[in-house]
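Novice: Chain by chain, the residues:
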Amino acid sequence: MMPVMLPTLATLAVGESAVVRRVSGRRAIARRLLEMGLVPGTRVTVRRIAPLGDPLELRVRNYALSIRRAEAAGIDVEP
Amino acid sequence: MAPTVPAPAAPRVPAAARARPPLVLLAGNPNSGKSTLFNALTGARAKVANYPGVTIDRRSSPLRLGDGRTVEVVDLPGTYSLSARSREEQIAVDAVVGRGLPAPDAVVVVADATALGRALYLLLEIVDTGAPVVLALNMADEARDGGVEIDVDALAYLTGVRVVPTAAKHGEGIEALTAAIEAAIAEPGAPPAPLAVPPALAADLDELEREVLDAHALEGHRAARAWAAWLLLSLDDEGDDDLQGIPASVRAATGRIRTRAAAAGRDIDLEIIAARYERVDAIAGAATRHERVEAHPWTERLDALLTHRVAGTAVFAVVMMVVFQALFSWSEPAIALIEDQVAALQGLVEGLLPPGPLTSLLVNGVIAGVGNVVVFVPQIALLFLFIGLLEDLGYLARVAFVVDRLMKGVGLHGRAFVPMLSGFSCAVPAVMATRTIESRTDRLLTMMVLPLMSCSARLPVYVLVTATVFGPASTIGFLSTGAVVLFAMYTLSVVATLGAAAVLRRTLLKGPGAPLVMELPPYRLPAVGVLLEGVWQRVRTFLVDAGTIILAMTIVLWALLTYPTSAAVDARFEARQAEVQALPEAERDEAQAAIESARAGEQLRESAAGRAGRLIEPVIAPLGFDWRIGIGVLGAFAAREVFVSTLGIVFDIAGADETNEPLRAALGSATWPDGRPLMTPLAGVSLMVFFVLACQCMSTIAVVRRESGTWRWPIFMFAYMSALAYGASLIVYQTGLALGWGLG
Numbered sequence: 001m002m003p004v005m006l007p008t009l010a011t012l013a014v015g016e017s018a019v020v021r022r023v024s025g026r027r028a029i030a031r032r033l034l035e036m037g038l039v040p041g042t043r044v045t046v047r048r049i050a051p052l053g054d055p056l057e058l059r060v061r062n063y064a065l066s067i068r069r070a071e072a073a074g075i076d077v078e079p
Numbered sequence: 080m081a082p083t084v085p086a087p088a089a090p091r092v093p094a095a096a097r098a099r100p101p102l103v104l105l106a107g108n109p110n111s112g113k114s115t116l117f118n119a120l121t122g123a124r125a126k127v128a129n130y131p132g133v134t135i136d137r138r139s140s141p142l143r144l145g146d147g148r149t150v151e152v153v154d155l156p157g158t159y160s161l162s163a164r165s166r167e168e169q170i171a172v173d174a175v176v177g178r179g180l181p182a183p184d185a186v187v188v189v190a191d192a193t194a195l196g197r198a199l200y201l202l203l204e205i206v207d208t209g210a211p212v213v214l215a216l217n218m219a220d221e222a223r224d225g226g227v228e229i230d231v232d233a234l235a236y237l238t239g240v241r242v243v244p245t246a247a248k249h250g251e252g253i254e255a256l257t258a259a260i261e262a263a264i265a266e267p268g269a270p271p272a273p274l275a276v277p278p279a280l281a282a283d284l285d286e287l288e289r290e291v292l293d294a295h296a297l298e299g300h301r302a303a304r305a306w307a308a309w310l311l312l313s314l315d316d317e318g319d320d321d322l323q324g325i326p327a328s329v330r331a332a333t334g335r336i337r338t339r340a341a342a343a344g345r346d347i348d349l350e351i352i353a354a355r356y357e358r359v360d361a362i363a364g365a366a367t368r369h370e371r372v373e374a375h376p377w378t379e380r381l382d383a384l385l386t387h388r389v390a391g392t393a394v395f396a397v398v399m400m401v402v403f404q405a406l407f408s409w410s411e412p413a414i415a416l417i418e419d420q421v422a423a424l425q426g427l428v429e430g431l432l433p434p435g436p437l438t439s440l441l442v443n444g445v446i447a448g449v450g451n452v453v454v455f456v457p458q459i460a461l462l463f464l465f466i467g468l469l470e471d472l473g474y475l476a477r478v479a480f481v482v483d484r485l486m487k488g489v490g491l492h493g494r495a496f497v498p499m500l501s502g503f504s505c506a507v508p509a510v511m512a513t514r515t516i517e518s519r520t521d522r523l524l525t526m527m528v529l530p531l532m533s534c535s536a537r538l539p540v541y542v543l544v545t546a547t548v549f550g551p552a553s554t555i556g557f558l559s560t561g562a563v564v565l566f567a568m569y570t571l572s573v574v575a576t577l578g579a580a581a582v583l584r585r586t587l588l589k590g591p592g593a594p595l596v597m598e599l600p601p602y603r604l605p606a607v608g609v610l611l612e613g614v615w616q617r618v619r620t621f622l623v624d625a626g627t628i629i630l631a632m633t634i635v636l637w638a639l640l641t642y643p644t645s646a647a648v649d650a651r652f653e654a655r656q657a658e659v660q661a662l663p664e665a666e667r668d669e670a671q672a673a674i675e676s677a678r679a680g681e682q683l684r685e686s687a688a689g690r691a692g693r694l695i696e697p698v699i700a701p702l703g704f705d706w707r708i709g710i711g712v713l714g715a716f717a718a719r720e721v722f723v724s725t726l727g728i729v730f731d732i733a734g735a736d737e738t739n740e741p742l743r744a745a746l747g748s749a750t751w752p753d754g755r756p757l758m759t760p761l762a763g764v765s766l767m768v769f770f771v772l773a774c775q776c777m778s779t780i781a782v783v784r785r786e787s788g789t790w791r792w793p794i795f796m797f798a799y800m801s802a803l804a805y806g807a808s809l810i811v812y813q814t815g816l817a818l819g820w821g822l823g
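Residue numbers (my numbering), protein chains in the order written: chain V, 1 to 79; chain R, 80 to 823.
Mixed in with the good hints there might be a few duds.
[What the hints assert, rightly or not] Quick partial rundown of chain V residues pointing at chain R, CB under 10 Å, derived from the structure: (1) Leu12; (2) Leu33; (3) Glu35; (4) Gly37; (5) Pro40; (6) Gly41; (7) Thr42; (8) Ile49; (9) Asp54; (10) Asn62; (11) Leu65.
Treat the hints as calculated values from the structure; they're not laboratory data. Bear in mind that the values here come from a model prediction, so they are computed numbers and not experimental data. Heads up, the beta-carbon is just placed ideally off N, CA and C, and yes, glycines get one too.
All chains, full assembly: derive it from the sequences and hints.
Specialist: Below is the structure:
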């Protein structure tokens with residue numbers, strides 16, 4: 001059986017928005033992401049992708065936050 | 080609201096009863112206008128010192144309150160939260176809870192009103208410590224224009240702190256803020272209302288709070304629970320953090336509680352942060368009326384252009400070219416002026432004082448040393464003017480956003496780009512510019528590899544050597560040889576820089592690579608006063624801290640190049656002096672100059688450095704260098720371009736620059752004792768490779784000492800770069816010899 005690909009922030013297209021479900025990854029990074037406001041239940045929009053394809057620009061809590069794809073892939077989201 | 084459990088409150092000593100003035104901390108997120116507010120509040124008479132053990136500026140300034148009392152305002156480093164892993168990050172929490180420093184009498188939290196949620200997170204962390212807090216709701220005007228209406232009274236009620244709307248850039252709300260500070264100091268702090276948390280976490284906090292109190296880790300009791308929460312968030316489970324002054328019993332208890340929670344499937348970090356954000360959302364939701372989606376329409380429009388694949392890259396290239404042009408060319412007149420003034424002063428002193436060792440020390444040691452320091456000021460000032468401007472405009476974060484992908488490859492952060500690029504001009508301001516990088520490991524890594532970038536002081540060396548060994552008119556195909564050589568040297572320097580970064584990242588400065596979690600602040604017009612003050616602070620820090628080291632090193636180097644003097648040489652030249660006097664007047668000046676040059680050369684060869692050059696010849700001969708080049712290399716430690724003039728003196732040609740024909744001729748015809756030519760094309764390439772890679776610059780060492788806070792890093796840098804340079808030159812020369820290349 002194929003593993004089901006759960007949507008993460010990295011799978012969102014530019015302009016799409018979703019709600020954070022879970023933040024995983026190394027503790028220091030996860031803690032930083034949570035403290036910057038990416039706690040479960042928060043709505044996030046992918047606003048833009050940098051010219052070279054990485055990092056992403058997110059809109060969260062009325063400000064712009066930039067994170068890399070690698071970190072975005074550790075943030076599970078739901079519509 | 081959270082259930083209120085009476086917390087043990089420490090008795091407060093009335094501020095007036097103490098000798099020192101009351102202490103007011105200024106905390107806030109980066110980009111919240113904190114520095115502007117600090118200047119507006121205190122009138123920009125900041126005293127800058129260092130926090131003990133870290134290289135972070137502690138800016139403080141007195142503030143006169145309405146009642147005539149004076150308080151000391153300290154500007155804390157900008158931060159999004161109090162949690163920490165490094166000593167640098169620990170500064171904020173230690174200041175707020177008063178560990179190692181007096182506890183604050185009030186804390187002003189500066190919030191960017193347009194991003195209230197994120198600012199409230201920090202505010203709640205600080206309120207939980209029980210310190211009397213004032214919230215400065217900065218950029219309230221901007222928030223209003225962007226469609227965000229904040230109910231100040233509701234916010235004050237819900238947070239339990241005084242709230243003052245300010246627009247620091249326009250000086251609005253400053254008087255009200257001063258009055259609020261006065262009131263906050265006068266009033267005893269209420270015991271903090273503990274955060275509403277899940278019962279399991281509450282039990283954890285109770286346990287750790289008791290442990291903290293038992294260990295007497297804090298002066299008073301009021302901050303114990305907040306500090307317990309901070310410990311749970313900050314301490315690394317493997318002890319792999321750099322936090323200071325945590326009692327062993329407290330550290331053990333924190334680890335025990337975290338392990339227990341993890342075993343129960345709980346995520347303590349998430350529990351604490353989510354609980355806080357729950358409260359943030361409740362407060363922000365109730366106090367913020369009507370919120371439009373676009374708070375910064377201008378930023379949206381500009382970003383569409385400035386981070387666009389084509390247009391954004393073009394703008395980025397233009398901006399970097401301008402910065403580069405400024406460092407290279409616009410600084411030139413000022414540098415020339417400083418050099419002329421130093422030379423004039425040297426001439427003046429030489430004319431006024433009788434010749435002798437004291438005059439020589441004054442002229443070639445002290446004045447030259449001061450000149451060596453001041454000559455960096457134009458480039459430092461220009462670089463920090465640009466960095467400050469780009470930072471305050473909000474563009475510096477976009478630079479990092481655009482180039483992060485490139486830098487990630489070598490384990491660096493997009494923020495390292497501007498310092499690295501500046502390294503092409505001069506490593507000294509570039510090393511200072513690494514302060515814009517948040518993580519200490521990343522900052523050190525950038526500092527360690529930056530000096531490999533081919534700076535402008537290497538150019539005269541390339542020019543002299545290329546012209547000597549290839550001749551000015553030489554070409555390779557349709558390109559001039561000089562152009563090909565220059566291109567090769569710059570390529571080598573970039574490859575070496577990136578390679579060294581990749582190696583250091585995997586060895587000494589290990590880390591998974593800096594994560595990029597970076598706010599892209601809205602574009603804003605900078606406040607000129609704050610900008611200029613920032614530039615001045617950088618310049619002053621450089622003059623005082625790095626400057627003294629550079630001055631001292633100049634004097635040491637002067638002594639090595641001057642002493643011991645040889646009486647025999649002096650006697651010989653006295654005799655020749657007499658012969659000159661006998662010459663016809665027309666020939667006298669020329670002969671006199673020739674004698675002076677010869678004498679300077681002779682004395683240099685007899686000096687400690689001259690002897691050292693001979694001493695190291697067996698070591699450097701495998702690179703194709705003889706003792707005369709050795710002296711030049713030693714002299715170039717003052718600054719790379721000094722290689723040219725030192726070599727000039729060795730060859731009895733005073734005051735030579737890289738275009739000096741007699742020097743080129745002398746070098747070109749120089750031979751080894753057995754008659755082989757010295758400067759073959761192969762030896763020339765070996766010499767240039769050496770200069771690309773070697774850390775031939777005491778000023779860089781001085782400034783790395785200043786910025787890293789220890790001698791360990793500059794010594795390591797000098798050692799690895801010297802080894803790299805020696806190895807590379809050895810390979811180039813020996814391979815060339817074996818293959819019979821470029822032997823003349």
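Novice: Evaluate each hint against the coordinates.
Specialist: Now for the hints, and whether the structure bears them out:
At about 17 Å, the closest approach between the beta carbon of Leu12 of chain V and any beta carbon in chain R exceeds 10 Å, and the interface hint on this residue is violated. Satisfaction of the interface hint for Leu33 of chain V is found here, the shortest Cβ-Cβ separation to chain R being roughly 6 Å, below the 10 Å cut-off. A hinted interface residue such as Glu35 of chain V counts as satisfied when its beta carbon comes closer than 10 Å to some beta carbon of chain R; here the least separation is about 5 Å, so the hint holds. Given hint, Gly37 of chain V at the interface with chain R, holds; its Cβ is 6 Å from that chain's nearest Cβ, closer than 10 Å.
Annotation: interface hint on Pro40 of chain V holds; nearest CB of chain R at approximately 7 Å, less than 10 Å. Interface hint status for Gly41 of chain V: upheld, as the beta-carbon distance to the closest one in chain R is roughly 8 Å, under 10 Å. Evaluation of the Thr42 of chain V hint against chain R yields a held restraint, the C-beta minimum of about 8 Å falling below 10 Å. Contact between Ile49 of chain V and chain R, as hinted, is supported at the beta carbon level, the nearest pair being about 9 Å apart and thus within 10 Å.
Interface restraint check for Asp54 of chain V: the shortest CB-CB distance to chain R comes to about 5 Å, inside 10 Å, so the restraint holds. Proximity of Asn62 of chain V to chain R holds as hinted, the smallest CB-CB distance being about 5 Å (cut-off 10 Å). Given hint, Leu65 of chain V at the interface with chain R, holds; its Cβ is 6 Å from that chain's nearest Cβ, closer than 10 Å.
Of the numbered hints listed earlier, the single one contradicted by the structure is hint 1.
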